[in-house]
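Chemist: Residues per chain, in single letters:
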Amino acid sequence: MAEISSDNGRKFTIPIGPQHPALKEPGHFEFVVDGEVIQEASVKLGYAHRGIEKIVEDRNYTQAMYILERVCGICSHVHASALAMGAEQLAGVEAPPRARAIRTLVYELERIHSHLLWLGVAAHEAGFEALFMYSWRDRETIMDILEEISGSRVHYSVNAIGGVRIDISAESAQNILKAVDFLEERSKHYLNVVSSDRVFLQRSRGIGVMSPEEGNRWGVVGPVARASGIKRDVRVDAPYAAYDIFPVTMITASEGDLEARFTVRVRELLESTRLVREVVKNLPEGELTTKVKRKIPPAETVVRIEAPRGELMYYMKSNGTDQPERIHGRTPTIPNMASVLHLTIGHQLADAPMILAGIDPCFSCNDRAVVLKSQSHSDLWSWDQLRQYGIDRYHGRT
Amino acid sequence: MPEDAKNTEETTEELVEETVALIPQVEAAREVLEPLSTSTTASGTKLLYVAVSLDQLNEATEAIVGSGLGYLISITPVDLGVEENQFEVLYHFGVGPGVVTIRITIPRDEPVIPSVCEQVPSATYYERELMEMFGIDVTDTPNRTRLYLPDQWPQGIYPMRKDYVPRSERQLPESKKDKV
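Respectively, the protein sequence lines represent chains A and B.
Just so we're aligned, residue 1 is where the first sequence starts under the numbering used here, counting upward by one.
Just so we're aligned, residue 1 is where the second sequence starts under the numbering used here, counting upward by one.
Any given hint could turn out to be false.
To be verified - Residues from chain A that keep clear of chain B, each with C-beta distances beyond 12 angstroms, as calculated:
#1 32
#2 66
#3 70
#4 127
#5 153
#6 197
#7 270
#8 353
Said to hold, decoys possible - Which bits of chain A does chain B cover? Going by a derived footprint, with three or more residues having C-beta under 8 angstroms, they are:
#9 214-228
#10 293-305
#11 313-321
#12 327-338
Note that these hints are calculated values from the structure, not bench results.
We put the beta carbon where it would ideally sit given N, CA and C, even for glycine.
All chains should be modelled from the sequences, with the hints used to inform the complete structure.
Modeler: Below is the structure:
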C-alpha cells in the first residue's frame, strides 16, 4: 500500500509493519521515499507494551523482579538483576562476592547468546542464510548451558534480592568451559566471514555510517556506539556486579558503518568467552545470598547495566513498604532507534532493513499491554474473562 | 554499589550528607550546575540529584550536554500522588561512572514543561512517553503524536498516573480483594 503525498507527486509514503522487516517483533515504520531514496522516516511503537512499569507498582520487590525479567525474552537476566541490584542499593546491602560473580557469568553467557542470535538475524537480512543457520546452531550450545545451570533457556531466574538462586557445580563449570572453547573457535570463524565475504561486505561496508559526533548527539549506546568509536561501556565506565574483579576490555571500531557493527559484536563474543572462562576458573567461595529486609526504607537510586544491546538504566524509588513506589526503565533500543531512523535518510529503501537490524532492535524491551483490537472474535478473551478464568482455576485447584 | 550504604539502619537523610566526597566527574557537574540549582543532594559518591526551577531546565541541560560532561540517559516522570498534587520530572545524565539527575517539580493540575530537544534531539522519544503516559504537556517537542499507546486509546486518560484505575477494575470493584 502506498499513497501519494500532496506536496510532491513523486514522493511516496511506504508503511512497513507492524510486522517488522527485520525481526519477528512488531514495530511500524513509515518511510517517505523519492524514487528509491529515503527522505523521511518515522516509527510507531507500543505493539508489545504490557504496562510493566505500572504492574510492578502493585507488587512486592520479589514479584516485581520476576515480572521485570519478562520485559525481554532475550536479555531477561539484565532486567531482573537490575531490580535486584536496585533493591539492594535502596536497602543498603551488597550481594556476596560469589553471587556477584555468578551474575557476571550469566551476563556474559547472555551476551554470547544475544549476539549470536543477532548475528543470525542480521545475516538473514543480508540474504546469507548459511550464516544464519550456523550461528543459531552454535547459539544452542549456550542455551543448553543456561538450561543446565538454571533450569530454563530464556527466563533463567538466576537472581534473588540479595544474591542469586543458583550455584555453579564443578560439573557445570567443566561443561561451561568446554562450551566456550567451542564458541571461541566459531567466533573466530565468524569474524573472518563478516570481514572477508565479498557479497556480504557489499551489504555492510560503508552502509549506515554514523560519525562519533552524530552518535554523541543522539546519545547512542552499546555496540552501535562502540562501532562509531565512542568509548561507552558501563562494564568499564562504572563497573557493577563483579566487573571490578574481572575487568572488561572495551571493543571499539572507528568506521561506524554496518561492517563495524558486525565486527564489534563478534569481537565482543571473543571477549565474553574470555570473561566466562576467567569467572568460572576464579569463582569466589562463599554465600550465595545476603539477608535483605522485606520492607525497604524510602530512598531513590539509579542502576546502570550494560545489556547486550547497550546501556540499560533503571530508576527506582522506594517508600518504606515492601512495594516499590516507582520503577522506570530505559532500554538501549530507544536512543539507538532514534539515531538509526535518522541514519536511513539518504539511503536506498532496500538498505533500511539492514540498517534497522544493525542496531539489534528489541521491541519488547522498548515497549513494555496487549491490546486486542477485535472484541467480537471468538478466540479472543476479554480481560475480565481471563481474570475470571484464573480465579476459577485457582479455586478449582484447592 | 555505594560503599557507605552498608548499614541497613541508615535512612535517606543520613545518606545525603554533603561530607561524602563525590567522584571528580560528578563533582565537576555539581560545580557547573551550582548557580542554577535550588538544592543538591548526593547519594553515595556517584549519584547526584540537583533540583532546578522549571525555567532553568534548558540552561541546566545545556550546562551538562554542551560542555561534554555527560549525555542524557532518560527522562523519568514520577507521580507524587493526588494529595501532594505534584509531578517530578527527572532528567538522568550519564557523567563518567556516575549519574547526575536534574529534578524539576511541576503542579499536577497544570503539568507543562519545555522540551530539551534543542539540546538533546533524541529526547523527543522520552518526552512523547511522558505526554501520553502521564499527560505532561511538553510544549515544543518536535513530534507530538503517540509513540506507544494505541490510536483508539481514549484522550485524556493517562495510564501511568497514580490515580489511574484500569477498566477491568472499574467494572469489577470486588475483584481487587480477590488477589489471584
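Chemist: Check each numbered hint from earlier against the structure, then list the numbers of those it violates in ascending order.
Modeler: none
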